[in-house]
Amino acid sequence: MTVKAGGEEPYARGPAPEGDEAARFSAMLEDNVVDLYENAPCGYLSTLMDGQIAKVNATLLGWLGYRREELVGRKRFADLLTVGGRLYHETHFAPLLGMQGEIGGIALELRAADGTRLPVLVTSTVKTGDDGRPLLIRTTLFDARDRRAYETELLRTRREAEEARLEADRARLAAEEAHQVVEAERARLHRLATTLQRTLLPPSLTAPTGLEVAAYYHIASADEVGGDFYDLFPLDGGTWGLFLGDVCGKGAAAAAVTSLVRYTLRAAAVYDPAPAAVLANLNTVLTREYHGTDPRFCTVLFGLLTPDTEDPRGGFRLTLASGGHPPAILLGADGSARYLPTPDGQLIGVIPDAHIATTTVCLRPGDTVLLHTDGLTEARTLPLGGPVGDGDGRYGDDALLALATSLAPTTAPAAVTALQELLDTLGAGVDDDTALLALSVPHPTPETEQ
Amino acid sequence: MTDLSTTTRSTPTGPVLEIAGDLDFHTAPRAREVLFGLTPGPGQLLVVDLTGLTFCDSTGITVLVAARNHALGHRAQIALAGVPGTVARTFDITGLTQIFATHPTAQDAIDRWSARTDG
Chain C
1 MTVKAGGEEP
11 YARGPAPEGD
21 EAARFSAMLE
31 DNVVDLYENA
41 PCGYLSTLMD
51 GQIAKVNATL
61 LGWLGYRREE
71 LVGRKRFADL
81 LTVGGRLYHE
91 THFAPLLGMQ
101 GEIGGIALEL
111 RAADGTRLPV
121 LVTSTVKTGD
131 DGRPLLIRTT
141 LFDARDRRAY
151 ETELLRTRRE
161 AEEARLEADR
171 ARLAAEEAHQ
181 VVEAERARLH
191 RLATTLQRTL
201 LPPSLTAPTG
211 LEVAAYYHIA
221 SADEVGGDFY
231 DLFPLDGGTW
241 GLFLGDVCGK
251 GAAAAAVTSL
261 VRYTLRAAAV
271 YDPAPAAVLA
281 NLNTVLTREY
291 HGTDPRFCTV
301 LFGLLTPDTE
311 DPRGGFRLTL
321 ASGGHPPAIL
331 LGADGSARYL
341 PTPDGQLIGV
351 IPDAHIATTT
361 VCLRPGDTVL
371 LHTDGLTEAR
381 TLPLGGPVGD
391 GDGRYGDDAL
401 LALATSLAPT
411 TAPAAVTALQ
421 ELLDTLGAGV
431 DDDTALLALS
441 VPHPTPETEQ
Chain W
1001 MTDLSTTTRS
1011 TPTGPVLEIA
1021 GDLDFHTAPR
1031 AREVLFGLTP
1041 GPGQLLVVDL
1051 TGLTFCDSTG
1061 ITVLVAARNH
1071 ALGHRAQIAL
1081 AGVPGTVART
1091 FDITGLTQIF
1101 ATHPTAQDAI
1111 DRWSARTDG
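Here the protein sequences come in this chain order: C and W.
Numbered by the working numbering, the letters in the first sequence go through residues 1 to 450 in order.
Numbered by the working numbering, the letters in the second sequence go through residues 1001 to 1119 in order.
Heads up, some of the hints might be wrong.
Simulated crosslink set (SDA-like; lysine to any residue; CA at most 20 Å straight-line) [said to hold, decoys possible]:
no., chain 1, residue 1, chain 2, residue 2
1, C, LYS250, W, ILE1110
2, C, LYS55, C, HIS92
3, C, LYS55, C, LEU121
4, C, LYS250, W, ALA1076
5, C, LYS250, C, ARG262
6, C, LYS55, C, ARG67
7, C, LYS55, C, GLU69
8, C, LYS250, W, ALA1066
9, C, LYS250, W, HIS1026
10, C, LYS127, C, TYR37
11, C, LYS75, C, GLY132
12, C, LYS250, W, GLY1043
Rather than coming from a laboratory, the hints here were simulated on the basis of the structure.
For clarity, every value in this text was computed on a predicted model and none was experimentally measured.
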């Protein structure tokens, strides 16, 4: 490779070894300065102070795809740069170089003859003459393609990492939101279950003035929701409605029917409070709603309480309608106890025109009336350890009447407490849920008599 | 606790289902399964023989009402036979004795049914 002598002096040579040995040594050391300059692993460029190219090495020509004569004396360094590079060169590179005499590590982009871009790292120094005047600029250019690719790769991986982080953040947020949704759903379900439970049983009964009330609900199994229900609520003109019953079956399906029965009874009582009419309405609703091979029906007592204003002793008249339900028990002030029979009343919800039986009783001070579901009378008496009950292993109606007789005269709270204790004693013998509702007219106290 | 046993047989007037033991919440599903396997023809009589019944709670009554609806669904009739004294009171209170025709024995139910259709 020949090199035309430029304005620059060649590098000084060291002491030359002699002979073939010396040539091999020289080749090994690569101390052929011209070859080293031309084919160095970097680009060399020397320009005049106005930037005009004076000398360029073969490496840089190869990178750019120019012939030497196309550049030397014809183009300036800035002409080799991209537009952006030219701007940067003019505003930063050249002024700094002029001030400092050198500048290094500047990333610029060259534009090759074919238009492709070549990223380079540029270092320049100003060579001055003996009088200190600047003569020319020596510039070294390193191929920064790998470095640029590395940086691009770094940027890309950083972007990917950032995206992955964002994705993780989004996933975390989504998980948090999902968790919140689940929590909210759980809270909602809990509220729903609590509300549903409240709709099946009144939390506490409000007693009409002049009446004592007590109620108890015995849950036989925590796994299966029973279908017993009761309620006591005010109606027009000082009258009160009450009911107690048992939806046949257990579980969620029975609970749904229980809810329907409760609301139907309350609505029907507002429409027409006559007890037989209330149960007739309920019968119509149930027979239309449930029929076929999965019948849903109930036994129920519905009562209407009317304050007895005609009798000087006070008290209430209670009219009871029965739809196939075990009769209520009257525990009299005189110490007697008797069932209040409602014969020929039929299950509610089985046949379209169910027969409904009614009976009316007057409750005077000291009287207590007790309504119950058959979970009590059908309880197994084995836990009592003796021949209690009707002899068939169940507690039975006769045993209940005997207990009622022993309790009378009593009050609603005392009667319910006594039966609650009996249920506790029977324990696991109680297969089915049991509901109890008792009403009693208290004896007038000296204050109320005045 | 008494278990539940069921037997079925066919007669010219229709199927007879014998239910013995306790019919309650625990045994009702099995009784229903047997019941729904019976297909009385139109105008026939389904007899549910309860002679061996030792206990029947509200869920048990559900089975009997389902049996009634099942029979009516096949345009057949239903009769109860041999309702024992121990569950008769429950049947009285719930008014089942008015909903169902009841007979002392399954044969009585069949004889009465035959006499009616013959007449």
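Q. Are there hints from earlier that the structure breaks, and if so, what are their numbers?
A. 1, 2, 4, 11, 12
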